[in-house]
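First to last, the protein sequences are chains Y and C.
Take the first sequence: its letter number 368 is residue 368 in the working numbering, and every next letter is one higher.
Take the second sequence: its letter number 16 is residue 1016 in the working numbering, and every next letter is one higher.
There could be a bad hint or two in this list.
Unchecked claim - No farther apart than 30 Å at their CA atoms in a straight line, the calculated lysine-lysine pairs in the DSSO-like style are these:
1) Lys-126(Y) with Lys-73(Y)
2) Lys-346(Y) with Lys-1066(C)
3) Lys-315(Y) with Lys-1066(C)
As the list claims (entries may be wrong) - Reference excerpt, derived from the structure (chain C facing chain Y, CB under 8 Å, subset only):
4) Lys-1024
5) Thr-1039
6) Val-1042
7) Val-1065
The set of hints was computed from the structure by calculation and includes no laboratory data.
Think of the CB as a built atom: it goes at the ideal place given N, C-alpha and C, for glycine as much as any other residue.
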Amino acid sequence: MLAQTPLNDWHLEHGARMVDFAGWSMPVQYTSIVEEHQATRTAATIFDISHMGRLRFDGPDAEAFLDRLLTRKVVGMGLGRIRYSLMTNASGGILDDVLVYHLETPSSRRYHMLVVNASNREKIVKWIQASLQPGEAVEFNDRTMETAMIAVQGPDATRIVEQLFAKDLSSMGYYTGIVTEQMGKPCIVTRTGYTGEDGYELIVRTDVAQQVWNNLMLAGREFGVRPAGLGARDTLRLEAGMPLYGHELTEEINPIQAGLCFAVNLKDRKFSGHQALVDFADQQNPFQRIGLELRGRRVPREDYAILRDGEEIGKVSSGTFSPTLGRPIAMAYVVSAAAEIGTEVKVDIRGKLETACVVELPFYSRPNAT
Amino acid sequence: MNLEELLYAETHEWVHVVEDNGEKIATVGISAFAVEQLTDLVFMELPQVGTAVEAGNEFGEVESVKAVSPLYSPVSGEIVETNLSLPDNLQTLGEDPYEAGWIIKIKLANEFDLSSLLDHESYQRQCAEEG
C-alpha cells in the first residue's frame, strides 16, 4: 500500500497521473511535463512535495549532534538560516543530500530541522538513531506524516505566496526561513527550491494542507499558476544542474567526485566521513560529474555508456530533453581526463553513437539570479 | 477516416487496409489514446522502405521527455512507404493521428491473417480498462 499525501484526492480530481515514488503515490504530471516546466520558468507552479522527509531536532545538544552528522557546519548557523549539506558514511560515500534549517517559533523556541529525500528517509532515521550517544540531550522527531510540504516555484512565486501571509516577502533572503502561521496553525516558509527558479517551500500541518494549497491556487490565478508534478520537477532540476539522490548521488560516490565541494567544510571538523574525505582530497580524482549537451533529438537515459575513441569512459546518471534549450541534456560521470569543458564524446543510445559535448553546469540559470 | 473501420493491435497501433491492384496495403499509425498517454514527444525513428516486418516485432521507436517507447508492427509484410515529414512534425500525431499522422505503409504478406487484430469496439474496451 502506497503512502498518500493529504493532497491525494485533489491530484486525482485534477487529472494527475500518479506514480509510485519511493513508496508514495505522487503526481508525475497533470497535463504535460513540458507545459508544467515552461510555466515554472515563465510564471509559477505549485508542487506537492509532501513525500520529502521532515525531521525535527530539539534540545541543547541538537546543534552539536547535527554538526557531527553533516558535511557542513551546523554549529553557529544563524536563526532563519538554511544550508544544503550532505550526510556521508565513514568512507565518505553519500548517504543523502539534505537541507538543514535553524528556525525559531513565534514563541521563541529554537530548533533544527532536516529535510531528507523520500527514498532515504528510513535509512537516515536509522542512521540518526544509531548516531545518538547515551546522555546526549537531543529530542528527535520524524514529522513527515504529521505535515505536508508544498513548493511554489517561478518568477511570480513571491507575489503569490505574499498574498497568503499579507507581508512583503521580497526581502527574504535565498536559503532563509521563518516560522509563521497559516489557518491558525504553524507554517514554515522558506525561500528554497529544486527548480533553478526563485521560489518558496511551505511546511504545514496535514489538516490545513488542502486549504493552503487551495489558497495558493486562488492567489496565483491572476498569474496563471498551475500544479506541476514530479516529471517537471525532474526536468527543471536537471536544467539547473542539481543532483538527484539515486542518480548523481549514491553511497559509492563521495562529495568531491559529485562536484559538491561547496557543501563540504573539512576545516576543524569531525563528522562521519571526515577523515576519508581529507584523504581523498589529496588524491587524483578518478571520476567527475559533468554536463553533456547533444545535437540530435534522441535522449541519453540513465546508465547509457559514454565513449571516447571507442573506449567506455563513463555513464549517464540522468538525462532528459531540455524544454528550455530544445535539445537533449544529461548529467554523467566520466574519467577526469574527459571532464574538461568542450570535450567531444559519444553516447551509446541503444546501439547508435550520438555526439555529445561536455558543457558547464548548470545548463540553465535564471535571469537576475541573486 | 472512419475509425470503426480500423483494426488495432493491443500495443496501440491502428491499421487501415486497402486493396490496390490485388495487393493489400496496410497504413499504420498509433491511436489517439496512445499519443495522449505518451505526451511530450520529442523524437521518432522510422524504418527504411523495403524492410520486412513481422507482426508483433519492433519497427521503430517514439521518444518522449520521460521515456522511449517501441513501435510494434501490427501486421507482417514489407514496408513500402514511411511518413517522412512526421519526425520533424510530431505534433501531427496529436492533432491528426488517423490521417496526417500515419507512420508507415506495409504491403501485407499473403498469408497474414487480419483476424488476429482487434476491432474498434474491442480496442475501445481495452483503452477503457487501461485508462
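Against the structure, the hints:
no., hint, verdict
1, Lys-126(Y) with Lys-73(Y), "holds, 22 Å"
2, Lys-346(Y) with Lys-1066(C), "holds, 21 Å"
3, Lys-315(Y) with Lys-1066(C), "holds, 19 Å"
4, Lys-1024, "violated, 32 Å"
5, Thr-1039, "holds, 5 Å"
6, Val-1042, "holds, 4 Å"
7, Val-1065, "holds, 5 Å"
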